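Undergrad: Sequence:
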Amino acid sequence: MAAQSKAERRAINQRAFFEARQAARAERGPRGLAESWVERAYTVAADREKRGDPEAWNDLSRTIATWVDRYTE
Numbered sequence: 000m001a002a003q004s005k006a007e008r009r010a011i012n013q014r015a016f017f018e019a020r021q022a023a024r025a026e027r028g029p030r031g032l033a034e035s036w037v038e039r040a041y042t043v044a045a046d047r048e049k050r051g052d053p054e055a056w057n058d059l060s061r062t063i064a065t066w067v068d069r070y071t072e
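Mapping to numbering that gives the first Met the number 0: the sequence shown position 1 is 0, numbers consecutive.
Derived from the structure by calculation, the hints contain no laboratory data.
Just so you know, these numbers come straight off a predicted model, no measurement behind them.
Backbone N, C-alpha and C fix where the C-beta goes; we use that ideal spot for every residue, glycine too.
Warning: the hint list may mix true and false statements.
[Unchecked claim] Pair by pair, the computed Cβ-Cβ distance ranges are:
no., residue 1, residue 2, range
1, Ile63, Arg27, 20 to 26 Å
2, Ser4, Ala55, 20 to 26 Å
3, Ala6, Glu54, 17 to 23 Å
4, Arg69, Leu32, 16 to 22 Å
Model the full structure from these sequences, guided by the hints.
TA: Put into structure tokens, the structure is as follows:
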């Protein structure tokens with residue numbers, strides 16, 4: 000097996016953590032899954048920002064705004 004970098008180990012651990020939390024939240028139905036995806040979206044956007052890509056926050060913001068518009072009277 001090839002040696003893993005610290006970043007690769009971190010990514011694997013984050014993914015495993017997310018999947019475990021998502022499975023637990025899935026038992027609560029769609030609301031639990033939505034909470035899991037929102038948490039993951041924030042984590043991804045923050046990680047992208049740290050790597051020099053602030054556009055991820057803009058994209059997330061636009062996506063959420065579109066959803067809110069769709070479900071607001």
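Undergrad: Confirm or reject each hint.
TA: Outcome of the hint check:
no., hint, verdict
1, Ile63 <-> Arg27: 20 to 26 Å, "21 Å, holds"
2, Ser4 <-> Ala55: 20 to 26 Å, "22 Å, holds"
3, Ala6 <-> Glu54: 17 to 23 Å, "21 Å, holds"
4, Arg69 <-> Leu32: 16 to 22 Å, "18 Å, holds"
Checked against the numbered hints given earlier, this structure breaks none of them.
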